[in-house]
Amino acid sequence: MTTPLLQVTGVSKAFGGVVANNDISLEVPEGRIIGLIGPNGSGKTTLFNSIVGFHPIDSGSISFCGDDISKKQVPEIARLGLLRTFQQTRVYGLMTCMDNMRISVPHVNEGLREMLARHRDEVAERAEELLEFVGLYSKRHLMAGDLSFGQQKLLEFAMALMNEPRLLLLDEPTAGINPTLINGLIDRLQRANETLGVTLLVIEHNMRVIMNLAEHIYCLAHGEMLADGTPSDLQNDQRVIDAYLGAH
Amino acid sequence: MSRKKLYLLLLVGLMLLAPVLMPAFKTQLAMLMLMITFALTWDIMGGQMGYNSFGNIVFFGTGMYVTAVIQRDLFFTAEEYESLAGSLNIINGTDYLTGLFLGLGVSVVVCVILAAILGAGILKLRGHYFAICTLGLGIAAAEIAAGIDYIGAGSGLVPPTFPHEDLGDRGYFFYYYFLTLAAATFTVLSWLYKGQFGLAINAIRDDEDKAEAMGIHTTRYKTLAWCISAFFLALAGGALGNMVGFIDPTEVAFAGATFGVWMVLMAILGGKGTIWGPVIGATVFHIMQELFWTYLFGWQRVALGILVISIVVFFPEGIMGFIRDRWPELLGHKVDLKSSKKGSTP
Chain A
333 MTTPLLQVTG
343 VSKAFGGVVA
353 NNDISLEVPE
363 GRIIGLIGPN
373 GSGKTTLFNS
383 IVGFHPIDSG
393 SISFCGDDIS
403 KKQVPEIARL
413 GLLRTFQQTR
423 VYGLMTCMDN
433 MRISVPHVNE
443 GLREMLARHR
453 DEVAERAEEL
463 LEFVGLYSKR
473 HLMAGDLSFG
483 QQKLLEFAMA
493 LMNEPRLLLL
503 DEPTAGINPT
513 LINGLIDRLQ
523 RANETLGVTL
533 LVIEHNMRVI
543 MNLAEHIYCL
553 AHGEMLADGT
563 PSDLQNDQRV
573 IDAYLGAH
Chain B
7 MSRKKLYLLL
17 LVGLMLLAPV
27 LMPAFKTQLA
37 MLMLMITFAL
47 TWDIMGGQMG
57 YNSFGNIVFF
67 GTGMYVTAVI
77 QRDLFFTAEE
87 YESLAGSLNI
97 INGTDYLTGL
107 FLGLGVSVVV
117 CVILAAILGA
127 GILKLRGHYF
137 AICTLGLGIA
147 AAEIAAGIDY
157 IGAGSGLVPP
167 TFPHEDLGDR
177 GYFFYYYFLT
187 LAAATFTVLS
197 WLYKGQFGLA
207 INAIRDDEDK
217 AEAMGIHTTR
227 YKTLAWCISA
237 FFLALAGGAL
247 GNMVGFIDPT
257 EVAFAGATFG
267 VWMVLMAILG
277 GKGTIWGPVI
287 GATVFHIMQE
297 LFWTYLFGWQ
307 RVALGILVIS
317 IVVFFPEGIM
327 GFIRDRWPEL
337 LGHKVDLKSS
347 KKGSTP
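Quick mapping for you: the protein sequence lines, in order, are chains A and B.
The opening residue of the first sequence carries number 333 in the working numbering; numbering runs sequentially from there.
The opening residue of the second sequence carries number 7 in the working numbering; numbering runs sequentially from there.
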């Protein structure tokens, strides 16, 4: 049995009296696409924030590539190759898309010389390739802040790929995206997984998307791990249906 | 591109000839170069990185004091110097230059280290908290300097008199010094802004949380940005003490109410976050200020206040920001509708 890329064991997090995550465990094996679903307020984003080190956890442990990361800071964890995108997109609004991409290179082993250096041409080429990959090539000289919400989501995804992560946590990648573009996005997520070797952990509310995309899905409700299994397991799980539709 | 280079060359030629063409304005021109350096160095943090610092004057004043103290202590004891102070020709050209440049070198080292230490302490603060903290730094520095007898305390310090018999006219000397400094600041910064450093501090300005989430060494970049400001401000301060000829802790060295505020205003007037903005802003501001002092004497501060208010109300994005909004193509913003690298159009 190999160590999974990401292992979350018994993580709890409370904000004052509100228990957002209670004894959550999950694992993400290398090279897979794993889903995370749950009704609004079930603690999905809190779990993401805990994993990437945005806030300290109350108990439990999180390990990445076999190393404990539960005490590490956000930038340190990002440099290990564990990256997240935001539910409300976050791009650098007053910079062009190309500049957004160029600053998203990996920042491992960055000394004073690298900090003051110019970029190599390969960086710009790679940035253009990835912008084309997400379909934003024609917008590359526009200010990122002038893009639509959906386009910013795509840009944020491209920026994440530019960083060459090993594991990418995507917080609702299809929210706000035109339904006709969603199929294209699913295809891109799968290609990123297959050709670039990026493992994905995806929060998603669009059931059609997540059922097509993920091989294994975890379902949270009221801060607890309700169920997990293959997409068809979960579709037939009465507890999951109750959680989403409200139990009688 | 070649036309741009031609204009730049013309500008450089003009600046080199300026004091010869207008010998009566040498000192004013030197001050203009200092103002440009002020605005450019403030804009590193304030414009490009989005951290409004009111404490950059600390490095200017520290550089001024350190340089003067080295110039003094290299050849005299403090008592000796005090009895000589004010008298002319106490030092020859070689000794003067040795003292000045050694002093500048040491002040650069001191100020960069100071920026790194202060930065590590307060660059974790964001937004208004950072601004207020730096404001405190400037005030504290002046008070501390006014309390140290070794550097003249409240009555100030007099740098060695410029040996004009050996080195010629001090006006020319300092003009060309400050011209070189402003040009070097401009060149180094425009080079840095095009690389990783510029992109990283822009990213911090736009969304620091995102920058952290992407693994950018935000603290390192922020500290580095302040160290670069400190580097050039130390060189500016060290020489200005000598040009003015008298270092007062609150009026010259840590002059937060004048230089400290002006550097912010000039960068905003010209357009913060651009490389030419601070240059244009400093030039316009300095000329206006000189005109006010000449033609509106007695009302000069009122006029300056009206200018400041007009800037904020009518040009919130500054002169360069105004041009960028009206004629974006002038600044090289281009729209290219190609949808792929191969060149197919939508």
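Treat each hint with caution, since some may be false.
Taking lysine-lysine and the BS3-like style, the derived pairs with C-alpha atoms no more than 27 Å apart in a straight line are [what the hints assert, rightly or not]: (1) B:LYS130 / B:LYS200; (2) B:LYS200 / B:LYS10; (3) B:LYS10 / A:LYS404; (4) B:LYS200 / B:LYS11; (5) A:LYS403 / B:LYS200.
Treat the hints as calculated values from the structure; they're not laboratory data.
In this text, all values refer to a predicted model and were calculated from it rather than measured experimentally.
Going down the list of hints, with the structure as the test:
1. B:LYS130 / B:LYS200: Distance ~25 Å between B:LYS130 and B:LYS200 Cα, so the pair holds.
2. B:LYS200 / B:LYS10: Holds, at about 17 Å.
3. B:LYS10 / A:LYS404: violated (49 Å)
4. B:LYS200 / B:LYS11: holds (17 Å)
5. A:LYS403 / B:LYS200: The given pair, whose Cα atoms are some 35 Å apart, is violated under the 27 Å limit.
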